[in-house]
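> Mapping of the sequence shown onto this note's numbering: position 83 corresponds to residue 83, and the numbering continues sequentially without gaps.
Please keep in mind that the hints were generated in silico from the structure rather than gathered at the bench.
Treat each hint with caution, since some may be false.
What the hints assert, rightly or not - In the BS3-like style, the derived pairs of lysine-lysine whose C-alpha atoms are separated by at most 25 Å in a straight line are: (1) 136 with 202; (2) 195 with 173; (3) 136 with 173; (4) 52 with 91; (5) 195 with 181; (6) 123 with 202; (7) 136 with 181; (8) 108 with 24; (9) 195 with 149; (10) 173 with 149; (11) 149 with 123.
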Amino acid sequence: MGNGRANHAGLGDDDVLRAVIAEKALPPDNEANTDGNRHFYGFECVNLGDGKDPWPAAQLLAIERAAAAVCRAHGWSQRSVIGHLEWQPGKVDPRGFTMNSMRTRIGKRLGGAPDGPSKPPPKPTYEPFPGAAFFKVGRNSAIVTAMGKRLVAEGCGRYTVGPGPAWSEADRKSYAAWQRKLGYTGGDADGIPGKSSWDRLKVPNV
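Construct the complete structure from the given sequences, taking the supplied hints into account.
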């Protein structure tokens, strides 16, 4: 039930209107004597309406969620949701699903907690590889400290002081020792982290 003209529900059965207001079982719609536009919220869903055109699961979910949101805002139950064919004689929409099945879905949704903002994904256990360009003179980051501690734990620390947050030659030498431990040689063991060696180091997320 709503206020003002916002859709094209058109003329329908006043007995149905009273049942919706009372949230009772709907009677047959056999009259068209009441303006539904002033009483109902309405929204359209694209479908051929021939009873054969399928309703995608995402579309049915959208109907369920939109109707439940309106009901929740007003404190209504699923009994306040009707289809065009239940309001006006001669109307056949929606076809392809029943309003009883949709009301059941809406009722279940209303019985649960309202949808809220999606939860942010959990932080990864290990620090993602920040890219080789991250490791340069002047870089100051807790990631560098965490990396250095892991290098020390792996027996590859070449620090006289630290590890610390500022990328240094000691970090590069320590990482080169880690690369050599993994079997890298030559330019592949230059002390600049690459993704493969970084992932194997398992630097804790900071």
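> Next, verify each hint and record whether it holds.
Structure-based check of each hint:
{"no.": "1", "hint": "136 with 202", "in the structure": "20 Å, holds"}
{"no.": "2", "hint": "195 with 173", "in the structure": "17 Å, holds"}
{"no.": "3", "hint": "136 with 173", "in the structure": "13 Å, holds"}
{"no.": "4", "hint": "52 with 91", "in the structure": "17 Å, holds"}
{"no.": "5", "hint": "195 with 181", "in the structure": "16 Å, holds"}
{"no.": "6", "hint": "123 with 202", "in the structure": "14 Å, holds"}
{"no.": "7", "hint": "136 with 181", "in the structure": "22 Å, holds"}
{"no.": "8", "hint": "108 with 24", "in the structure": "18 Å, holds"}
{"no.": "9", "hint": "195 with 149", "in the structure": "18 Å, holds"}
{"no.": "10", "hint": "173 with 149", "in the structure": "14 Å, holds"}
{"no.": "11", "hint": "149 with 123", "in the structure": "20 Å, holds"}
The structure shown violates none of the earlier numbered hints.
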